[in-house]
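Under numbering that gives the first Met the number 0, the first residue of the sequence shown is numbered 0, with each subsequent residue one higher.
Derived by calculation from the structure, the hints in this document are not laboratory data.
Keep in mind the model is a prediction, meaning the values are calculated, not measured.
A virtual CB, placed ideally from N, CA and C, is assigned to each residue, including glycine.
Where hints are given, some of them may not hold.
Stated by the list, open to error - Derived pair list, reagent style SDA-like, types lysine to any residue, alpha-carbon separation capped at 20 Å: (1) K4 to P79; (2) K4 to A47; (3) K4 to Q80; (4) K4 to E113; (5) K4 to T62; (6) K4 to Y78; (7) K4 to A106; (8) K4 to A46; (9) K4 to L45.
Said to hold, decoys possible - So the derived label-pair ranges between C-beta atoms look like this: (10) A146 to A27: 35 to 45 Å; (11) Q83 to P111: 16 to 26 Å; (12) A27 to T90: 14 to 24 Å; (13) P121 to A54: 21 to 31 Å; (14) D42 to D17: 36 to 46 Å; (15) D68 to P147: 13 to 23 Å; (16) P87 to A116: 27 to 37 Å; (17) A60 to D17: 15 to 25 Å; (18) Q83 to P147: 43 to 53 Å; (19) P147 to P111: 34 to 44 Å; (20) R118 to A27: 10 to 20 Å.
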Amino acid sequence: MPQYKTPVSVLVVIHTADLQVLLLERAAHPGYWQSVTGSQEGDEDLAATARREVAEETGFAATAGSLSDWQTTNRYEIYPQWRQRYAPGVTHNTEHVFALRLPACFAPTLAPAEHRAWRWLPWREAAAACFSWSNRDAILELPRRLAPPA
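Can you make the complete structure from the sequences, with help from the hints?
Structure representation (structure tokens):
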């Protein structure tokens, strides 16, 4: 029996205090730039999914103090080229948005099967480079999320 992905995922925007954003280029889809993403596995909670995906895709440790759950979800249609990963009839995914603030623009250790390149960009450029609308919108939200309370 095939092992299908769960249609519940995380998006983790990795950034610095001065709004540099890390983007990864998908190995199987050159030109598709994105933040860290990945599906929930088993009974892990969403924060555990975010920490696991960050470690798998970048080699970074997402500690509790630096990882923030934005309590934001996006529901979207799964691109047709990726639907075979999900159970028959599954067409939509629910994505939960997190952010990981790093003290500097560190070089990630990529998972070669998933990503072929990386780059740090200023937040506006990073948002414009994303192929995913939900990733773009999360990056555009960064300045507001990081602003001190009024």
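Give me the numbers of the hints this structure contradicts, sorted from smallest to largest. 5, 7
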